[in-house]
Amino acid sequence: MRQHTVEVIVGAFVALGLVAMAYLAVSFGNVGFLEKNIYRVSAEFDSTAGLRSGARVEIAGVGIGSVGSIDLKDYLASVELKINNGVKIPDDSIAAVRTNGLIGEKVISIVPGGSEEILGDGDSIEDTESSVSIEELISKYIFSEK
Amino acid sequence: MPDKFKSNYGAGRVRFLAYIGSVSIGILREMGRMMLFFVQFLGTICQRPLRLRRIVMEMHFIGVKSLFVIILVGSFAGMVLALQGYYALRVFGSEALLGSAVSLGLVRELGPVLGALMVGARAGSAMTAEIGIMKISEQILALDVMTINPLKYLVTPKIIGAILVLPLLISIFDVVGIFSGYAVAVGLLGISHGSYMDAATSALVFQDVSGGLVKAVVFGFILSWVCCYKGYNCEHGAKGVSNATTEAVVMASVLIFVVDYFLTSFLL
Amino acid sequence: MIEIIDLKKSFNGQEVLRGVNLTINKGETTTIIGRSGGGKSVLLKHLIGVLRPDSGSIIVDGEDITKMSNKELVKVKRKFGMVFQFAALFDSMTVLDNIAFQMRELSAMKESEILAQAGEMLKRIGMEGMEDKYPDEISGGMAKRVGLARALVMRPEYMFFDEPTTGLDPIVENTIHQLMMTCTADTTCTDIVISHNIGEVMKISDKVAMLHEGEIIDSGTPDEIAESDNSVVRQFLTGSPDGPIQIY
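First to last, the sequence lines map onto chains A, B and C.
All residue numbers for the first sequence refer to our numbering, where the first residue is 1 and numbers rise by one.
All residue numbers for the second sequence refer to our numbering, where the first residue is 1001 and numbers rise by one.
All residue numbers for the third sequence refer to our numbering, where the first residue is 2001 and numbers rise by one.
In case anyone wonders, no lab produced these hints; they're calculated from the structure.
Owing to the predicted nature of the structure, the values given are computational and were not obtained by experimental measurement.
Hints may be right or wrong, so weigh each one.
[Stated by the list, open to error] EDC-like, lysine to aspartate or glutamate: derived pairs with alpha carbons at most 20 angstroms apart:
id, chain 1, residue 1, chain 2, residue 2
1, C, K2045, B, E1235
2, A, K106, A, E80
3, B, K1065, A, E116
4, C, K2040, B, D1144
5, C, K2071, B, D1144
6, A, K106, B, E1030
7, C, K2075, B, D1198
8, A, K106, A, D127
9, A, K82, B, D1198
10, C, K2045, B, D1144
11, C, K2075, C, E2157
12, C, K2040, C, D2169
13, C, K2008, C, D2218
14, A, K88, A, D46
15, C, K2067, B, E1235
16, C, K2133, C, E2157
17, C, K2040, B, E1138
18, C, K2040, C, E2163
19, C, K2133, C, E2163
20, C, K2079, B, D1144
21, C, K2045, C, D2223
22, C, K2045, B, E1138
Make the full structure from the sequences, and use the hints.
Here it is in structure tokens:
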């Protein structure tokens, strides 16, 4: 009887721990059981300085997906974007690396175009804007004052 | 320099070299014994009977009974991280990133390290003392005479239990910490619900979570291994048990920090 | 029968056993006497297969246990039972669990059978109603009795006693002797006893052997030992401070 109680308590503890683990993995680790509900498009940037895998992809500031892998391709950064199904992106849209706040984290911001053609899985966004270097901005500001 | 070396090893520099040598040999011998203990433990894992019930009992002792202290430490760690992070980030006007600071700090480092240290202090010291007392009161010898492998009966369930339990405890630590940080950030510091949660969730990738869990497993092994070893090789009565307990907790804690550095450098 | 042949063992260069020769006959009670620190405990640990000698052999029922693998040794050790000097009961278990421990771990018996046997054993050592006590809640004499019951429950062929009555009052001492006698009489068990207590030795032994400085210097029946012409044995039996053994 006493041992039986212990087993029940340990079972409850293991369940609690597994729930915590699953919650971390799915909600914070952005892993997904929901991976099926995305499609992938790619975009090439001159510079992605500071962009991390897992960063947000947004349109008009609304999150619509996340950044997958970031690879070097012909001296350009090739970024995989995982976009939620149901979000339609015209093929003349512009993808830009933006910063939240002054030194905040980098996100990919997409400005939708007006084309009738919609991007599908495996397509790529041709128009891109690279990340803006704060150092460049600051030096521009300082030297233009003079 | 202890007195015993003064008479044995001649004079001056020679004596000093001899002292260094004997200390080094002692350290090497201890490391060798610990590795041997580990190999013997590996040998017992698959031996029958598996004693699953003993593992469940150890999970109860190491896991369930550490839950309260883990929740307590986890919540305060999350809260202080939120507070410190807020004052640091405010300088740059980036308070919106507070959630990221808390979740990254907890999941990657503070959760595994603090969690393992707390479990080591609570359950690890108890393991050393329990096994040590059984050693000096001949209970381990009694098991041996009864043809019950003491290592298999006493040590193996503890190490397996610790390895199973630590990832669970540390996941709970992380979740509790992130939400305590949330309480401070949203309740006290006036950061909005959305920006905290959004920053907290978007900063982490799966490698961070899985890396934290790998650390948890490794730390669980280290602390139970060191603590069982020290108890199992305990000698000279009550004083011996108290020395072994102190040594075990100190050594396990130091090893956790050292291994943490190397794991971090491999995992990142 | 156990034959010990030229058994030698050193620790850190110090010779503790320097060639022990002794024959322990089946069904008899053999007592090993000798000064504290004279190697009795080390000899006992060799007999029960916990320590391995540097050289020499121990032959138990025709098999040399010093050359066996650990796996083979287990089979021989199943014939052994041991009562420890300080009982060495498992202090996290109740008296009943201590007695039932080996049956639960090593046999395929049903729990109801185990409890019946353990209850029977408790009755025999006169401790009915104490089954739920923990070892720290009972007296030293009771702990010794439980230790005896714990060893006897597996019906060993060889029983080892490490100072079975040290630190007990004379009445408890005698009840322990009675228990040893009755228990071993009906299981045709061979007893090997280590003791300092000369009165006890003379009373319970069939054979007495004196271990001194790592060697058996004399052995025989209690009467023969009492008449020994070895001066060390004579001094040990009388406990006189004057003789070949000088403490200071």
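Legend entry - Broken hints, by number: 3, 6, 7, 12, 14, 15, 16, 19, 21
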